[in-house]
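**Q** Chain by chain, the residues run as shown.
Protein chains: 2
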Amino acid sequence: MAKYVYLFSEGNASMRNLLGGKGANLAEMTGLGLPVPRGFTVTTEACTRFYNDGKVIAKEIEDEIFATLSKLEEIVGKKFGDPENPLLVSVRSGARVSMPGMMDTILNLGLNDEVVEGLAKLTQNPRFAYDSYRRFIMMFSDVVMGIDRMKFEKLMDEIKEKKGVSADTELDAGDMKTLSERYKELYLKEMGVPFPQDPKVQLIEAVKAVFRSWENPRAVVYRRLNDIPSDWGTAVNVQEMVFGNMGNDSGTGVAFTRDPSTGEKKLYGEFLMNAQGEDVVAGIRTPQPIDVLKEINPDVYNQFVEIAEKLEKHYRDMQDMEFTIEHGKLFMLQTRNGKRTAQAALKIAVDLVNEGMITKEEALLRVDPKQLDTLLHPQFDPKALKAAKPIAKGLAASPGAATGKIYFSAEEAAQAYNAGEKLIILVRLETSPEDIEGMHVSQGILTGRGGMTSHAAVVARGMGKCCVVGCGEIIINEEEGYFIDKNGRRYNKGDWISLDGSTGNVYGEKLPTVAPEMTGYFGTLMKWADEVRVLKVRTNADTPRDAQQALKFGAEGIGLCRTEHMFFDSDRIGAMREMIVARTEEQRRKALEKLLPMQRSDFEELFRVMKGYPVTIRFLDPPLHEFLPKEEEDIQAIAAEMGITAEELKAIITELHEFNPMLGHRGCRLAVSYPEIAEMQTRAVIEAAINVKKEGLNVVPEIMIPLVGDVKELKYVKDVVVKTAEAIIKETGVELEYRVGTMIEVPRAAITADEIAKEAEFFSFGTNDLTQMTFGFSRDDAGKFLEEYYSKKIYEFDPFAKLDQTGVGELIRIAAEKGRKTRANIKMGICGEHGGDPSSIEFCHNVGLDYVSCSPYRVPIARLAAAQAQVRNPRNKKA
Amino acid sequence: MAKYVYLFSEGNASMRNLLGGKGANLAEMTGLGLPVPRGFTVTTEACTRFYNDGKVIAKEIEDEIFATLSKLEEIVGKKFGDPENPLLVSVRSGARVSMPGMMDTILNLGLNDEVVEGLAKLTQNPRFAYDSYRRFIMMFSDVVMGIDRMKFEKLMDEIKEKKGVSADTELDAGDMKTLSERYKELYLKEMGVPFPQDPKVQLIEAVKAVFRSWENPRAVVYRRLNDIPSDWGTAVNVQEMVFGNMGNDSGTGVAFTRDPSTGEKKLYGEFLMNAQGEDVVAGIRTPQPIDVLKEINPDVYNQFVEIAEKLEKHYRDMQDMEFTIEHGKLFMLQTRNGKRTAQAALKIAVDLVNEGMITKEEALLRVDPKQLDTLLHPQFDPKALKAAKPIAKGLAASPGAATGKIYFSAEEAAQAYNAGEKLIILVRLETSPEDIEGMHVSQGILTGRGGMTSHAAVVARGMGKCCVVGCGEIIINEEEGYFIDKNGRRYNKGDWISLDGSTGNVYGEKLPTVAPEMTGYFGTLMKWADEVRVLKVRTNADTPRDAQQALKFGAEGIGLCRTEHMFFDSDRIGAMREMIVARTEEQRRKALEKLLPMQRSDFEELFRVMKGYPVTIRFLDPPLHEFLPKEEEDIQAIAAEMGITAEELKAIITELHEFNPMLGHRGCRLAVSYPEIAEMQTRAVIEAAINVKKEGLNVVPEIMIPLVGDVKELKYVKDVVVKTAEAIIKETGVELEYRVGTMIEVPRAAITADEIAKEAEFFSFGTNDLTQMTFGFSRDDAGKFLEEYYSKKIYEFDPFAKLDQTGVGELIRIAAEKGRKTRANIKMGICGEHGGDPSSIEFCHNVGLDYVSCSPYRVPIARLAAAQAQVRNPRNKKA
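These protein sequence lines are chains S and Y, in that order. Quick note: the first sequence uses UniProt numbering, first residue 1, plus one each step. Quick note: the second sequence uses UniProt numbering, first residue 1, plus one each step.
Worth double-checking, as some hints may not be accurate.
[To be verified] Footprint (simulated), chain S over chain Y, 3 or more residues, beta carbon under 8 Å:
id, region
1, 660-669
2, 707-714
3, 745-755
4, 769-777
5, 785-794
[To be verified] Residues from chain Y that keep clear of chain S, each with C-beta distances beyond 12 Å, as calculated:
id, residue
6, 124
7, 294
8, 627
[Claimed, not checked] Chain S stretches covered by chain Y per the calculated footprint, using a threshold of three residues with CB under 8 Å from any CB of chain Y:
id, region
9, 654-662
10, 669-677
11, 702-715
12, 767-781
13, 802-808
Think of the hints as simulated: they come from the structure by calculation, not from any bench. Heads up, the beta-carbon is just placed ideally off N, CA and C, and yes, glycines get one too.
Just chain S, with the same shape it has in the complex (with noise of 0.2 Å):
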């Protein structure tokens, strides 16, 4: 019979899966011998068997949390209910991995009417005690069963107005037992039946509640956002209450054992006291630096000190710490590895090499790829930044730079995403786990209140997202949507501001941004990927500019250069247009010969850029109608231009009207019906390379025909390709090595890729397409029903961003496997978007490609990506 619950004592660290971190780090920590108040942890399995069992806790479980109960009853000298002696409990989720904010604790368990009298006279302190009886009579309410949090804050508020005061600590112990009285009213009024006197009630509720919550909506955006799946459930945690709130020799406090946002070594953290946890981490009173503890209590500041270096060492990584001090006495109540910001990481990362704590490998997998976007994107042009003066300051939570419109909702700030506005800024007082999503698509936060830790710091460094908290300098009014800096200027929803979240500073206006230099810790660490990684990665680019900035970032190559992106220019689309109105071969032709000088120009730049690294280009892509204008005053106009009649063009338009353009005439069946089109690219393509092979540069260019489905249409372009080339080569008298190769993303060619080997060079899987057609929908169509999709717990991630390994992946397995049966040589890449998403480039690495090819601010994290996969999974160097 499996066991569903263990006493701390009885686990440890490495039990992440079964106790969640959070149970996992107390038991190891209760194992160290450090002074963390007793108690257990039910299994992740439980929650599991909660869901299969149909949101129920079986019997046999809830015997073992009561046998555990009794336990720990025994061995910390107190009993459940018995107001002579209460044993009082918290109870907190903990999955196995930290999903701050997400879940939901109960403090103060185990009171009801008897215990909180005898609660009263043992602490000799009636109002801690039915102040603590409130609190949790209303987590309860909220948590567990569902009652709005805002009426009990009402009855709260009503009393403060009748006895005219305003602060809760301002209420004496009289007032809160008349609020817990109240309280209990509301729940009776709410629930219909009483508010639950037994404390073993009360615990099988809160555990219930725990489980549900891992389903509910902020967990599950959560964790979609953050690639967990949604069967590894959660743990609960039923720990013995200390209190931080017994008074001021009494606090609580969070503590990191290096910064988190800069990666300094030096703890680093804020406390409050006479508080608990909650406060510190809610943001609603502002906290000391955790330096000030030395001057209250020197005594409790070493022991934790002491903690914090043995802890660090312990765990060969950077502590994020929660204590508690009860009547002077210091207790842990939570160790972790700390989020910190992308520098934060790579400092950590090797200064702990530098130190002698893991090695090189290790320190590659101590920072999350996705991350590096931060350090990747823009930072303010420094000019600006001077001439610029800030409007206010706030705390810098979270480094970066954000320009942006401002919303004051996280719904409006969604809203605006949706209608394609890029550049938002969220403000807000204080964030929630509601704002999750509107934090998201936000390009910073602004909080008027709160501090490093609070919800809103923690979450913006998590995401990678520029934020500043606790700006007390600006006077925000959510409901109409404006703010007012210090000077008394007034800035609407939809104005401009920037945010520096490196030094808190708050800008008025939008202010330009330039790239960000890649320098120290971010090259050591870089350099070491580099080392380690037997996954090349490429770029997709379009352009000398793009293809430039790849190289800066470190790119090995294009691996999918976008011919039609060349023909959208003004000066170009004219000639497209002709060329796609044309009526015969001829015409074509015409068109075709004014295009070819742009091209070959276009070529011969991207050659020089790339000075002698592989460039793979493809070869004409989108549908046809794609060129031609849409509104009328538009086909007016170039039809004026083109020569002919609006009447005209509109048939032509309508002609190459499609029903699914997605599954129409594209791709290489283009070049099956107009072969002069393959013609003139390979033209350019190959003129291009022999005039930069001319000035001394090495070219092997490589020509892929997209959307093939059959061998034999391949075989059809390929031998107009290498025709049209071996002439080229003929007439001009120079030696050129050249490749053509293919993309594999229609179903079809995956299954066949065996047949297509024999005459693809090589293969890139192009992952957007291949998706579409897989799951059978399009991308553009699906945003209709994936927001149901989500919700609805089919789908847990978005298979355009994260590459479905279970079914995309499968093809692309097959299509591998079968390639290199055929060509056991052949070079195999990746350039769908997924190539610069860190859990789809360890799938290439597993399954053997030869590169990943990605946008060029994702060349960097594809670096990183690549050489962690090689370090969970390595594989032999190809010759």
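Following the hints, put chain Y in place on chain S, whose structure we already have.
**A** Just chain Y now, with coordinates in the frame of chain S:
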């Protein structure tokens, strides 16, 4: 080293793949000691080699041809190019399967200026010699060099005009000599070089021409229509000439051992005295029935009858033979299994079993399932037929009834077809291979000239089309597009006529047709088929009428009932639209309430008709916008009807617009978004089944969820179905078995079929969508480029008509295997249009599916094809 050339005496009938059908049978007849003019065959492998070598005959093959020619000279005792004793040969193509009229033939090869004089002396018949020479020059110029035959005809006409005669026979030896001189001049003018005098050059050029003709557009089209792979190639038969045109003791003819139209056991054929073979086949002169030969030359007739019987016994099938009589001596030029009508095929197959010549299993293989189509399609309504008066009578060349609008060229017919017209009759003076496509799109063919073995007759029988030939009673003017009947009435392009292919009658009106009766030979063969086959045959039917029809044809259940078709009825579309326009679940449920009783009664009727056979009901599949109006006036009208403004309706239509509807919000995605639709449909199915069950019928409905790509998607919808169904079963207290399964039509479903089988109780392969998504093109859009694909030989068949076994088939194989791995006894079928295609049915059999489902009229075809599959590749019947 491969052997590329075989003397007839070196081959036999089993070498068909190498020698082609004609060559193998000539060899076989030679072996049987029949009077066959001697010769040799250049193999199909030589043809393949010719193409691989870049359309060049390799030196070694050329050498082998000439070496074999020398042997032939020795055997025959004549010499190629020797004026004293010249060897003349015919050069004919011969592929593995006969392709009537597709390939080009050259006669009298070996003639030149010297030889023709020798021949004149030798035969003492200068007219014959020079007629042969000028024919040879013309054929060589036309077939080998591609010079327009009309230019030669014109020279002939000039001479006739000058002499004031009208028939060729009125020209004398001198005229023929003059003509051959003129022909040579024309050749020189056209080609820039003189007509080749070296017979060896003539021979090699002719062989090349035959090889090239394998790729001529007519041949390519024919192969596509008949599923013949292009890599088979054609052989070339070089054979000593015998002359049917040497005078009145000479002649030529074709005959069948049984009547190819009815199957009646009697010698059936036609001949012409003093004629060459082409004269009979081309239908220029109308030949005499074979019986007449008995009177003209009883010895030859008796000898021929004896040979015919011998051949039929030898080949154990009805033979189609060509013969020539030269100066009273009989020569066999060809034998092959004769093409026949569906009726004849059935009768012959059953008769041969009864005569003890073949087994029942062999008999099943003797009927092409596709041919049954003709038997299954409507005949004229007997009453209407009785009342109708024929306007003309021709030869009943291919049975069946056809009614349609008349067109006078293949192009016009094809245009009308492409414009959406489905009832077309092609009216021609005579047909030629260029007309194939036009014949294909027509319901029937009527010609003014030619006999039962003319091009039109042979091809129409092959296609299973109704055909009346040699209808001299009408005067056809192809150019101006009309014909005049025997009463002087004029019928213009686009007028309606009707053809009776069983009587030869032509009617000047549109006649109503009725469904055919299936009895006699048909019934016998179908009974044998049912005894043999293991694959079940179901039908795709949405209405009780279709279901009834299918049952008559032997369907064993409904494999696909498309529920959406039930919503398009004018009395239902209103409620459907109301459902689509609904903005809330409540509104939607209200509209669904209206649809429920309609669906329920539909299903009740269907269940009643199907009398306990399984019925698979697919839930709503198409995108919702398909149900909304498109034209401005319709929008106005429907908005008014729905009680909303036109603007509101337009907004809804716009909102529902999809870029790629095929890849959009449809199938189970609708049920995921609006589970209440699945709920209503489940209710309709289950309640209907219970109601009908109460009437005493056993119903086990199968609910099919479309467009599933992920098991969780299926599970979500299945949960809705099961919950609803169980509630109803509980409510009513009636026990009901039902199954929930899915379509496998998205590539991802095939790839993850092991997962999907955890939830699906059955799979139905939706090969229409699966083909679209696997190839990455939509049926609606592919028309634009598929023609190029056929003409460039990238595709050899339409993947929507015949299953692509390499790609789509591989996915089916994978899915079937994975599905069985999870659920060993999972029921699997196919319900795409491929379910009615014989080669696809064979695939389904081989891959182990349980059933195929096809349109009602295809059911008998499927039954026969399934039986053939079992005869060819026996598999165990499922328990």
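**Q** For each hint given before, does the structure comply? Return the numbers of the non-compliant ones in rising order.
**A** none
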